[in-house]
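Line by line, the protein sequences are chains A and B. Residue numbering for the first sequence follows the UniProt record's numbering, beginning at 1 and increasing consecutively. Residue numbering for the second sequence follows the UniProt record's numbering, beginning at 1 and increasing consecutively.
Treat the hints with care, since some could be wrong.
Copies of the same chain are indistinguishable here, so a pair counts whether it falls within one copy or spans any two.
[Unchecked claim] Below, a list of computed lysine-lysine pairs in the DSSO-like style, where the Cα atoms sit at most 27 angstroms apart: (1) K88 <-> K225; (2) K225 <-> K138; (3) K88 <-> K223; (4) K225 <-> K340; (5) K220 <-> K138; (6) K133 <-> K322; (7) K183 <-> K375.
To be clear, the hints were calculated from the coordinates, so they are not data collected in a lab. Only a predicted model underlies this, so the values are computations on that prediction, with no experimental measurement involved.
There are 2 protein chains.
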Amino acid sequence: MTIPGQLNPSPRLLLGPGPSDAHPRVLSVMTTPLLGHLDPQFIEIMSETQEMLRQVFQTKNALTFPVSATGTAGMETCLVNLLEPGDKAVVGTIGYFGNRMVDIAGRTGADVTVLERPWGQVFEPDMIRDAVKRVKPKVLALVHAETSTGAMQPLEEIGAICRETGTLLVADCVTSLGCIPVKPDEWGIDAAFSCSQKGLSCPPGMAPVTFSERAVAALKARKTKVQSWYLDLTTIMGYWGGDRAYHHTAPITMVYAIREGLRLVLEEGLEARYARHVRNHLALKAGLTALGLAYTADPNHQLPQLNAVRLPDGVDDAAGRKRLLTEFGIEVGGGLGDLKGKAWRIGIMGQNSRPGCVYQVLTAVEQVLKGFGVKVEPGAGVGAAERAYSAA
Amino acid sequence: MTIPGQLNPSPRLLLGPGPSDAHPRVLSVMTTPLLGHLDPQFIEIMSETQEMLRQVFQTKNALTFPVSATGTAGMETCLVNLLEPGDKAVVGTIGYFGNRMVDIAGRTGADVTVLERPWGQVFEPDMIRDAVKRVKPKVLALVHAETSTGAMQPLEEIGAICRETGTLLVADCVTSLGCIPVKPDEWGIDAAFSCSQKGLSCPPGMAPVTFSERAVAALKARKTKVQSWYLDLTTIMGYWGGDRAYHHTAPITMVYAIREGLRLVLEEGLEARYARHVRNHLALKAGLTALGLAYTADPNHQLPQLNAVRLPDGVDDAAGRKRLLTEFGIEVGGGLGDLKGKAWRIGIMGQNSRPGCVYQVLTAVEQVLKGFGVKVEPGAGVGAAERAYSAA
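From just these sequences and the hints, can you work out the full model?
See the structure below:
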């Protein structure tokens with residue numbers, strides 16, 4: 001056979017729903033030679049990573065670590081460890097990723113009740129309370145940051161509702177961790193999962209999770225084995241917990257990467273990081289709005305880091321994204337599910353939440369819209385962003 | 001909190017059961033900026049990776065790709081996709097990792113028959129034939145290269161036995177791929193799994209798998225959903241197959257890494273690579289034997305890349321390995337299961353199968369043995385290795 005040539009991808013600016021660009025310091029540490037997964041120095045690196053992850057999750061949970069796979073494996077870890085056949089679960093869906101939780105929860109043999117809101121909307125606490133009181137589930141699973149619509153589900157009041165019925169609250173924080181506040185201890189979240197390639201500016205490949213003491217008690221009280229061996233916390237907690245016993249070989253280089261990503265988050269400081277995401281979002285939003293693009297999510301519950309906007313009439317989704325990619329080197333996401341072909345998802349996450357990215361994407365989008373015959377005042381997007389930055 | 005300092009591990013030579021050292025070219029490509037997981041250029045990289053993986057697996061199987069997690073997830077992928085509740089499975093154990101397959105197969109709800117051989121031994125074809133004819137299982141799972149003992153299970157005749165009863169043959173090739181011949185098509189293996197961090201000289205984080213047409217037909221004939229969403233091939237084959245539909249976010253950087261690792265394997269050539277592993281093994285074996293260390297596996301079925309040897313009386317396992325690590329920077333593996341505290345496992349895999357590694361580990365082991373009062377003629381190990389290289 002012909003052996004393919006040296007790796008040589010074109011430069012890209014990743015402003016879709018993820019992966020977002022990895023920070024140069026993260027990429028750089030990935031060349032560090034390997035340690036063994038039971039080396040005392042690697043175990044120290046694991047401990048440091050866990051302690052930093054607790055800071056970023058704002059939690060004291062002992063069982064906090066990155067799962068050795070990408071974000072969806074974090075989702076699966078939370079659900080298959082907390083649910084057994086016959087258990088009751090309530091899963092709320094406000095978009096594509098809620099539906100994924102319904103599917104995964106269903107595969108545990110749990111009795112799943114689905115709560116739905118129209119795409120782009122979020123649940124009011126009373127809607128959740130009614131369902132939880134009616135079903136009395138073991139687990140309630142909600143999406144904190146719905147990547148398909150850009151909607152942010154407030155969770156502050158949900159933990160207290162779950163306490164009334166002894167329900168465990170599982171939260172999908174894939175697109176929120178490192179971008180907006182995520183506070184499992186304060187909000188009463190019992191299991192949260194995220195990913196490495198969005199707010200943490202690492203490559204995809206790890207799924208940070210955190211479990212409360214209540215969740216760990218539920219885990220220890222299981223009557224059946226966890227259906228996944230690879231994701232079985234009853235044994236994994238021996239490796240990421242006190243005795244560091246061999247379970248599976250950890251992805252050493254990805255642990256190096258997430259350790260560096262977490263260092264970057266903590267060097268900046270959580271509050272500064274959240275504020276930066278809001279500031280750049282407001283500028284992007286002003287610009288996109290000036291270009292005539294309407295957000296798909298409820299304006300009272302818009303994620304700063306994920307901006308899903310409807311395409312104007314006459315704009316071809318695939319052709320437009322292709323031009324952004326090939327001519328401007330910018331990746332944005334297409335719509336998923338109900339929004340397929342109708343929306344673009346623009347992510348400014350982690351290190352990509354910065355004015356340079358905002359201006360680049362607004363400039364490129366303006367060009368592409370004009371190419372489809374959309375009437376746009378020249379420089380309208382950039383000008384609006386500039387004014388938003390000045391006003392901030 | 002105090003933020004941990006810059007990553008700064010000590011130099012190591014990883015001569016345990018894995019991870020083995022990653023090749024510098026592999027580490028280097030990991031700094032390549034990310035592409036999106038649906039970028040046309042990334043899809044081309046996926047295709048190239050799959051085609052090279054087929055060459056290394058010596059297969060024409062369409063469904064050949066790296067699972068987005070470490071080796072055990074490859075094991076789980078093979079078993080949970082091919083087994084459903086009530087199916088019959090026969091799992092052969094010749095060491096630690098066969099037992100892991102028993103556990104994983106059991107979690108599918110399959111009716112699992114366990115065949116056992118003493119640790120270090122392998123199955124004769126007749127033992128397998130008897131069990132398969134008696135049980136008529138849907139799946140027979142065997143370990144090709146048992147990492148806990150260093151034994152190599154011949155598989156050449158097993159595929160034909162499985163055909164007699166319509167049984168699918170699953171093979172654990174975690175420690176064999178890239179080191180010794182693995183020939184799914186020729187041997188009639190229906191599903192094989194491996195890892196990135198041994199014979200392919202990449203960091204851990206991907207699990208190459210390959211499925212025959214028979215296995216794909218069984219997959220398509222399933223009556224129930226695969227219990228793991230993350231590892232569900234019925235949907236993953238949409239991403240790693242023709243339509244490249246989104247399933248989960250692939251670990252981009254790890255795909256870059258394995259692509260480079262596969263290029264290195266093919267540049268060297270499979271036959272040259274296998275011969276190199278044998279040559280260095282014979283030198284290592286001569287040296288270890290001269291130092292008085294006896295192999296734990298049947299001498300007729302010894303893996304070249306994984307050398308498990310019993311410790312002489314008076315040698316403390318943990319203290320000895322600690323000295324190897326801290327004083328010589330060399331990691332070797334301890335014993336697992338029945339061999340815990342009693343054996344060391346020395347891996348010379350991928351790029352670490354070279355004279356420099358053989359001489360280094362023999363020199364260091366000699367020093368450590370002497371430190372425990374074992375009588376060793378000075379330079380005995382290195383001298384024996386030298387003579388073996390000269391004779392080769």
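Structure-based check of all given hints:
1. Taking CA atoms no more than 27 angstroms apart as the test, K88 paired with K225 passes in both settings, with 17 angstroms inside one copy and 19 angstroms between copies.
2. Taking the shortest alpha-carbon separations for K225 and K138, both the intra-copy value of 17 angstroms and the inter-copy value of 23 angstroms come in at or below 27 angstroms.
3. In this assembly of identical chains, K88 and K223 lie within 27 angstroms of each other by CA distance both inside one copy and across copies; the values are 15 angstroms within and 24 angstroms between.
4. Only between protomers do K225 and K340 lie at most 27 angstroms apart by alpha-carbon distance; the minimum there is 26 angstroms, versus 39 angstroms within a single protomer.
5. Within a single copy, K220 and K138 get their C-alpha atoms as close as 14 angstroms, which meets the 27 angstroms cut-off; across copies the closest is 33 angstroms, which misses it.
6. Taking the closest pair of Cα atoms, K133 and K322 never come within 27 angstroms of each other, the shortest separation being 48 angstroms inside a single copy and 56 angstroms across copies.
7. Taking CA atoms no more than 27 angstroms apart as the test, K183 paired with K375 passes in neither setting, with 44 angstroms inside one copy and 61 angstroms between copies.
This entry does not satisfy hints 6 and 7, going by the numbered hints stated previously.
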